[in-house]
Amino acid sequence: MKGVSVIICCYNSESRIQETLKCLEMQLNTEDIPFEVLIIDNGSTDKTTEVATNSWKSKVTPIKIINEPELGQANARITGLRNAKFEYCTFIDDDNHVNPQWISIVFEILDTKKDVAACGGKGIAVFEGQEPYWFNHYQSSYAIGAQAPQSGYISNDRGYLYGAGLSIKKSIYLNLLDTGCPRFQTGKISFSLRGGGEDSELCFALLLKGFKLWYDERLTFNHFMPANRLSIDNLKKMQIAFARDEVVLSIYRSLLSDKYTSKKHNIHEYLATYYRFIKLQLKPKPLTNEDKLIHQISLLHKRIYLKELLYFGNKRTQIRDRIKNILS
Numbered sequence: 005m006k007g008v009s010v011i012i013c014c015y016n017s018e019s020r021i022q023e024t025l026k027c028l029e030m031q032l033n034t035e036d037i038p039f040e041v042l043i044i045d046n047g048s049t050d051k052t053t054e055v056a057t058n059s060w061k062s063k064v065t066p067i068k069i070i071n072e073p074e075l076g077q078a079n080a081r082i083t084g085l086r087n088a089k090f091e092y093c094t095f096i097d098d099d100n101h102v103n104p105q106w107i108s109i110v111f112e113i114l115d116t117k118k119d120v121a122a123c124g125g126k127g128i129a130v131f132e133g134q135e136p137y138w139f140n141h142y143q144s145s146y147a148i149g150a151q152a153p154q155s156g157y158i159s160n161d162r163g164y165l166y167g168a169g170l171s172i173k174k175s176i177y178l179n180l181l182d183t184g185c186p187r188f189q190t191g192k193i194s195f196s197l198r199g200g201g202e203d204s205e206l207c208f209a210l211l212l213k214g215f216k217l218w219y220d221e222r223l224t225f226n227h228f229m230p231a232n233r234l235s236i237d238n239l240k241k242m243q244i245a246f247a248r249d250e251v252v253l254s255i256y257r258s259l260l261s262d263k264y265t266s267k268k269h270n271i272h273e274y275l276a277t278y279y280r281f282i283k284l285q286l287k288p289k290p291l292t293n294e295d296k297l298i299h300q301i302s303l304l305h306k307r308i309y310l311k312e313l314l315y316f317g318n319k320r321t322q323i324r325d326r327i328k329n330i331l332s
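Going left to right, the sequence shown walks through residues 5 to 332 as my numbering numbers them.
Straight-line distance between alpha carbons at most 20 Å, and here's what the computed SDA-like set of lysine to any residue pairs gives:
hint	residue 1	residue 2
1	Lys61	Ile37
2	Lys89	Ile37
3	Lys173	Thr183
4	Lys319	His272
5	Lys306	Gln285
6	Lys117	Thr34
7	Lys283	Leu310
8	Lys241	Glu135
9	Lys283	Gln300
10	Lys118	Tyr157
11	Lys216	Ala168
12	Lys283	Ile308
13	Lys6	Asn179
14	Lys306	Tyr278
15	Lys51	Lys61
16	Lys296	Leu234
17	Lys174	Glu112
18	Lys296	Trp138
19	Lys173	Ile82
20	Lys296	Ile282
21	Lys26	Asn226
22	Lys328	Gly184
Listed next, with one range per pair, are the computed distances between beta-carbon atoms:
hint	residue 1	residue 2	range
23	Lys118	Asp182	18 to 24 Å
24	Gly149	Lys26	23 to 29 Å
25	Lys89	Leu286	54 to 60 Å
26	Leu260	Ile69	37 to 43 Å
27	Lys117	Asn71	29 to 35 Å
28	Glu54	Thr116	35 to 41 Å
29	Ser261	Asn71	38 to 44 Å
30	Gln143	Pro104	19 to 25 Å
31	Asn232	Glu54	20 to 26 Å
32	Tyr278	Ser62	53 to 59 Å
If you are wondering where the hints come from, they were derived from the structure by calculation, not from laboratory data.
This one's a predicted model, so the numbers in the text were calculated from it and none came from an experiment.
C-beta: ideal position from N, C-alpha, C; glycine also.
Go ahead and model the full structure; you've got the sequences and the hints to work with.
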């Protein structure tokens, strides 16, 4: 059925969900676009569901509370999809405040662009405290900033959209799942420190199936950044998760670029990464605090990636063949 299902995955969201829902109540140009709001409670121990229910004032648009006891954002999102009434689903995090045209723009894109399976927009950071000196360099790790120079198709070189604000055609996503789409990135348990690999894996799978991804600069949302999420320690944990995810995600990249992930290729990739790691270690010490941090995190990322390459070894070739067989 045509319409938009807004899926909000929540874990102890009582302090954040009210403002998120308020933005959805203020949507414009939706007179002819039916939509619903699904709150997927993923094991909350606070009053998330009570606050969400009491905050929702709309008499026209329904709100549903659905429990998903198995922790992990990927599990919560799939539960949302399977309970969604409408074909077009938009995933909004509990700290995303979407603009008043969000529903109408999502509907327009997914309804008119038949080759597009998913679309995304631009996150704008709203800081609880002071913006960290390093944030601009790592903003994309927090789903902040433009995802392309202008509205249009996402290139295979990039290959993915932010998970925050990701909108997708339900039938395509469920068909992928029901036909055995691989889920090597299964969704991080921690909502604040997830690597996001499951979002990228989904996007790569869609591209390999022949669908398109679309970025639209009109799809803007304010992304609230609490101070406790912006510590350097948390940043490093995120980058470790990204490095681990990349060992599998790079297999999808090789399939999109039609490169073969053989034993020889795996050895070459390890040696090339090791060379870059040593070269980075030998660089002159940076002077500014930002450059010092970037240098430290780059070394950390490459060190973790090298360890993961060794751990997976020739299993990466088997994973590649499995992905290719399922998605071809």
